[in-house]
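When you get a sec, could you build the whole thing from the sequences and use the hints?
2 protein chains.
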Amino acid sequence: MKTAQKKVTIRDVAQRAGVSYGTVSRYLNGNDHVSQDASDRIAAAIDELKYTPNRAARSLAQQRTSTVALIIQVESNETIVQSSVSEAMAGANQTLGDAGYQMVTLIANTEDSTRRIAQLVRSDFADGYLLFSLSNDDSLANTFLGVDRPVVRSEISDRGDLPYPAVDFANADGQRNVTRYLLNKGRDALVYVCGPGYSPSSVNRLEGFKQAMGERFDERQVYYADDWEITSGEMAAVEFQPMLDHINGFVCANDNIAVGVINQLTRFGYRVPEDIAVTGFDDSPLAIMANPKLTTVRQDSISHGRVMAELLLAMMRGEQVEDHYVRLLPTSIVERESA
Amino acid sequence: MKTAQKKVTIRDVAQRAGVSYGTVSRYLNGNDHVSQDASDRIAAAIDELKYTPNRAARSLAQQRTSTVALIIQVESNETIVQSSVSEAMAGANQTLGDAGYQMVTLIANTEDSTRRIAQLVRSDFADGYLLFSLSNDDSLANTFLGVDRPVVRSEISDRGDLPYPAVDFANADGQRNVTRYLLNKGRDALVYVCGPGYSPSSVNRLEGFKQAMGERFDERQVYYADDWEITSGEMAAVEFQPMLDHINGFVCANDNIAVGVINQLTRFGYRVPEDIAVTGFDDSPLAIMANPKLTTVRQDSISHGRVMAELLLAMMRGEQVEDHYVRLLPTSIVERESA
DNA sequence: CTGTTAGCGCATTCAG
DNA sequence: CTGAATGCGCTAACAG
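Chains as they are written, first to last, in UniProt numbering: chain A, 1 to 339; chain B, 1 to 339.
Keep in mind that the hints were calculated from the coordinates and are not lab data. Just to be clear, a hint being listed does not mean it is correct.
[As the list claims (entries may be wrong)] Rough simulated footprint, nothing fancy, chain A against chain B, three-plus residues with beta-carbon under 8 Å: (1) 41-55; (2) 59-65; (3) 99-108; (4) 119-128.
[What the hints assert, rightly or not] Simulated DEER-style distance windows between Cβ atoms: (5) H324/B <-> N29/A: 32 to 42 Å; (6) Q211/A <-> S139/B: 45 to 55 Å; (7) D275/A <-> N291/B: 11 to 21 Å; (8) N291/B <-> D226/A: 23 to 33 Å.
All residues carry an ideal CB built from backbone N, CA and C; glycine is no exception.
Next up, the structure:
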């Protein structure tokens, strides 16, 4: 049923409207002076011909794409089901859209796709980049060093050679505050379940715990997990089993781990929070599904995305941002049942 | 530190290599005959100059973009945390990448973004489209009617005017099978918790239940939920409370709902599965986190994405696909604890 | 206010 | 096998 309707170009519109195509271009790009009469005729022609400017041609002439790429780098073959990422995407999408940019997201989850995306970036695919590194592999970040387009990262990097600004949560503050919250409730025998070592967030959250514990901190109080998953929480609880009678609180690096700890503690016959309190981090959907419901540290991921987008927009506007600039977003404690 | 290195073009490479830029173009596009000598020099020049072809220019000249857009349409401001979508994305990304296409995903979650994406599509943004409609609003699909690019949908549509092929799971079969599984186990007093009415999957799953029940089916056995969430499952259990003593099985439209049912049943003092069996659908990560672990219908979402991509690739290759073509993917029962 | 012109960077004829 | 010429569809600078 497809009438192979020849591609309608700006010239067709011009002809139909009885003006030169330069005028149509001016009309399309808003600004300049086009007579009311011409405008009307052009508008009519565009409508009748169902004309839409060709994107590639416009990008080529303008040297800009009006798109921003959100790149998510994850471990090989892992899928992205983190609500925080999804929410950040929504926040960024909204902000960028309002500013006239189309956000497109790219997933780098294999060596191939990473290489392909690196190539894409070098070919001027987008006007700016939002970079989410959920993995240890930071290789993609280097790609941007040779590219003259602004980049904003979603977490502070421990690599000093990457100058890109970052927007992240005040992870240390959050974990410090919730640890103090436990201490103030008389929970004086705390242990910590740390996230994977490669993650800056993980490191920072542990740091917060240390700060709150001060003198009392002891390396034997912490279990180092390999990932952020529930099973890691279960393993941590098993690891601490011998001393469980002398422990009255678990501070966990995230909600998943906290749920794992609770599950295992329950199996061992301990009551949460009566015997042992447990706190999470993220306030993920899991937090309210857990039993008991998790007391956790909330972060507003939507505004994470929004703030990243705003920073990027400013940079694309030409505003200078100092190297290694970091913007930290606040967190808050959500009191539920587990602590 | 950015040395505003002038954009290096194909001409720079040609000059550096001592050939005309037509030759470089030929070299880049693989095919034709370029002497070994020239090839070597060009390769060297490209390397030294760190040349990467400009994307917009190439698209313009070639009339193709080498990208495929995966468009996700969701309810206003909802975020996408469905593991099935995430997995399908990964599967499609892999397949498309192997075929030389870059997959980019676009999110349509507001009226604005939907309009913007419609515009994008009409401007020849990509060579093909993968369309995931997670929402009632199917407006975006119409956009493609005027576009001469292949489209593949992720679920069968109930709208006859949309001719695009679709790849979906055999939802009816899956639900029929798991219902029979319960019946065979002697669970003869079943009720059904249906998903939101706007979803084709939801309708099809209900149909499967009806098929398995045959004569025994009774409208009073089904609760119609408004969404796919846990709370809907809880509400369903509350709704059925008066007759709970005479029910020995819940067949649920998805895992979330099943978890909600289990939670509420537990609160009411019923044991799952001893008193009442409960089944889910999707085999989402939630299924193994539930207590008891969910018996559910598994669907391989990664291959969902892969098959969609393969179909799209075939269409982009020029293969004809009949209107309303539907490819149904098999499901399987995963026996765990809840039934 | 509007028509004309010269590129944007590359693919692709067509000669040679 | 390779150089030169055209055009993809549009923007922007320049005259008028």
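Any hints from earlier that this structure breaks? Give me their numbers in increasing order, please. none
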